[in-house]
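The whole structure should be built from the sequences, with the hints applied where relevant.
There are 2 protein chains.
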Amino acid sequence: MKRGFFYKMSVGVVTEKSVTFNTELRLDSGRILGPITQVYETYGNLNKDASNAILVAHAWTGSAHLAGKHREEDTRVGWWDAIVGPGRLLDSDKYYIICINVIGSCYGSTGPSSINPKTGKKYNLTFPVITVRDMVRAQAMLLDHLGIRKLKAVIGGSMGGMQALEWGTQFPDRVSSIIALAVTPAPPPQAISLNAVARWAIFNDPTWKKGGYRKNPKDGLALARGIGHITFLSGESMESKFGRRFSARDGQFDFFGRFEVERYLNYNGYNFVDKFDANSFLYLAKALDLYNVAFGYDSIEEALDRISCPLQFFAFSSDWLYPPKDTEEMVHVLEKLGKKVEYNLIDSPYGHDAFLLEHETFSPQIKGFLEREG
Amino acid sequence: MKRGFFYKMSVGVVTEKSVTFNTELRLDSGRILGPITQVYETYGNLNKDASNAILVAHAWTGSAHLAGKHREEDTRVGWWDAIVGPGRLLDSDKYYIICINVIGSCYGSTGPSSINPKTGKKYNLTFPVITVRDMVRAQAMLLDHLGIRKLKAVIGGSMGGMQALEWGTQFPDRVSSIIALAVTPAPPPQAISLNAVARWAIFNDPTWKKGGYRKNPKDGLALARGIGHITFLSGESMESKFGRRFSARDGQFDFFGRFEVERYLNYNGYNFVDKFDANSFLYLAKALDLYNVAFGYDSIEEALDRISCPLQFFAFSSDWLYPPKDTEEMVHVLEKLGKKVEYNLIDSPYGHDAFLLEHETFSPQIKGFLEREG
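Line order of the protein sequences matches chains V and A.
To convert, count from 1 in the first sequence and add 7; that's our numbering.
To convert, count from 1 in the second sequence and add 7; that's our numbering.
A few of these clues could be false.
No copy is singled out in the list; a pair is fine if it fits within one copy or between any two copies.
Stated by the list, open to error - EDC-like mimics (lysine to aspartate or glutamate), calculated; alpha carbons at most 16 Å apart, straight line:
| no. | residue 1 | residue 2 |
| --- | --- | --- |
| 1 | K157 | D180 |
| 2 | K24 | D180 |
| 3 | K248 | E308 |
| 4 | K217 | D261 |
| 5 | K248 | E336 |
| 6 | K332 | E243 |
| 7 | K332 | E246 |
| 8 | K216 | E380 |
| 9 | K101 | E342 |
| 10 | K76 | D88 |
| 11 | K55 | E31 |
| 12 | K343 | D312 |
Don't read these hints as lab results, they were simulated from the structure.
Small disclaimer: the values here were computed from a predicted structure and weren't measured.
Here it is in structure tokens:
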């Protein structure tokens with residue numbers, strides 16, 4: 008085995024951890040949530056003064072399984088394995104890397120499919136509406152538990168980037184640097200409208216039963232995910248991936264005949280049904296749409312002025328869900344406030360998904376930023 | 008009444024006409040359709056040599072009711088009333104203006120909700136898949152019936168623009184000029200993907216019953232239309248129309264609380280259910296997606312070289328459904344072929360819908376074109 012290859016190896020087999028806090032968290036909605044379980048994974052070792060921790064925040068349907076495998080025989084690795092591991096961008100020989108499943112999700116942390124201890128039944132729609140800020144408040148409890156006072160960095164894309172921003176505004180003394188990719192200070196109405204029709208697709212499914220299903224509402228959730236995939240891609244990437252090709256198995260003049268892009272959305276939609284809970288999908292979609300970095304402040308200036316650490320942003324030219332111009336507006340505000348901020352517009356055809364696909368493009372910049380500011 | 012106002016008056020009360028052809032039309036799919044009923048409206052008078060006819064082609068969910076009212080007491084006028092009437096852009100004192108409901112639609116012309124005379128039952132999904140070219144073939148039969156050999160112009164936006172192009176390639180000796188707005192030589196995969204999820208929304212509705220419903224499948228069709236509305240608007244127009252405002256009646260932290268844009272999509276979606284047949288929606292969505300000006304030819308050059316009259320195109324800067332660049336590519340091909348072609352890119356925030364909203368912007372150019380070329 009070559010040294011170079013060996014050096015940049017995977018984190019290997021990892022084990023999910025879990026902790027439950029018998030506390031009550033007051034949410035942005037004014038409601039109370041507790042107890043709170045959070046599932047997380049860590050890679051590398053926390054140093055003596057607990058100063059080498061990096062929090063990686065996941066997106067909408069992500070999980071704490073950031074890197075490595077759960078079992079040797081797994082064929083798939085964690086969602087951002089490409090940049091996490093010994094010698095990789097987020098070097099587990101150097102950093103203690105943490106990824107926490109957000110509250111509201113369905114991958115172990117408390118969410119609508121969890122049992123409400125007060126009733127002995129699933130929360131379902133009695134689960135409170137949560138915000139990205141609520142997620143971050145819960146994460147701060149977990150970091151206290153791990154003995155981490157201050158993070159070297161928080162990094163994330165999309166909803167992960169929103170969490171990074173919330174760390175900056177809500178816990179300015181607990182974070183040394185922020186790296187946010189494909190983020191927005193507040194989703195524009197077009198992004199909201201696309202999540203709205205995705206929600207509607209689930210509401211329309213009679214097997215959803217106002218959230219009281221036993222089995223995930225298959226058709227509605229698959230369609231909702233199909234709509235999501237449209238927003239993750241771009242016109243450009245659809246052109247090169249599918250063009251106007253017709254599905255090889257279907258007849259062009261069959262009523263149910265499908266274009267290749269249609270087949271792709273169907274396939275990925277139904278594939279998702281076994282992976283993600285419909286109610287979690289709805290609650291997190293809502294958290295995304297409600298996201299506003301300025302929530303609770305008189306202005307975006309007042310909100311962003313709370314941040315005291317350097318920030319690095321990445322936007323992607325073909326991301327039409329969270330368009331670069333919205334990141335740029337936020338960067339201008341930060342610059343005016345005299346914050347240390349770096350902005351990178353990556354020319355990419357991959358749309359919103361670019362933050363997961365363009366890691367070879369942005370890794371050198373993140374590496375430099377972490378070395379300078381982390 | 009002032010002269011100026013009087014001069015640019017409405018066509019007033021108009022009556023729908025209908026004709027049934029006891030013929031069999033061979034479709035692009037190879038299947039046969041017949042008899043064929045077509046509903047149409049006309050405004051103005053055909054002159055002696057039948058040389059003043061203009062065909063206006065409607066879009067997806069449009070009808071033959073182009074201008075005026077059906078009854079004096081109607082509060083709404085035809086879909087493009089703003090440009091049709093005495094002294095208006097399409098001057099009914101000068102031209103004989105015709106608008107024909109396309110086959111496949113539900114406003115009187117033969118479509119999936121028509122009775123199949125061979126079975127005595129509604130066609131539903133036994134209706135053949137039709138193409139825009141098929142629609143135009145049926146229209147040519149109607150023009151024969153009206154004694155119109157050659158049209159002064161064919162004008163239309165979106166699917167109406169596609170029909171205008173098909174007139175040019177299929178009946179080059181029967182049209183003197185083509186005016187196409189917000190058109191595309193073939194919808195790009197992103198546009199197809201958005202129609203695909205709209206179709207999926209109807210398929211998911213159990214009351215659709217594989218097209219065999221008695222009552223329009225309400226929830227599925229409303230959602231499909233909601234998705235459509237996203238594609239008709241632009242990010243820009245959504246910003247100014249809705250921004251991130253929350254519906255005044257809903258609580259921000261209510262699970263079913265809606266953003267204003269969400270409420271708009273809901274409202275317009277459910278409003279549509281009483282207006283349009285779900286199966287027609289599906290068949291016409293398919294015709295849109297299948298549309299390819301080059302269908303059946305070796306190249307787009309071969310197809311467009313069949314056109315022998317001048318063409319005028321309008322594209323709208325914020326139309327992301329049928330992006331201006333696709334119109335521009337077609338214009339370049341036409342220019343290379345030595346065709347007389349005029350291209351206008353209108354800077355507009357209204358997205359695809361601009362072809363219905365920007366008439367004050369494009370009317371002078373169309374007027375000039377008609378005077379020169381019509």
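Note to self: Tell me the numbers of any earlier hints that the structure contravenes, in ascending order.
What the structure shows: 2, 3, 5, 8, 9, 11
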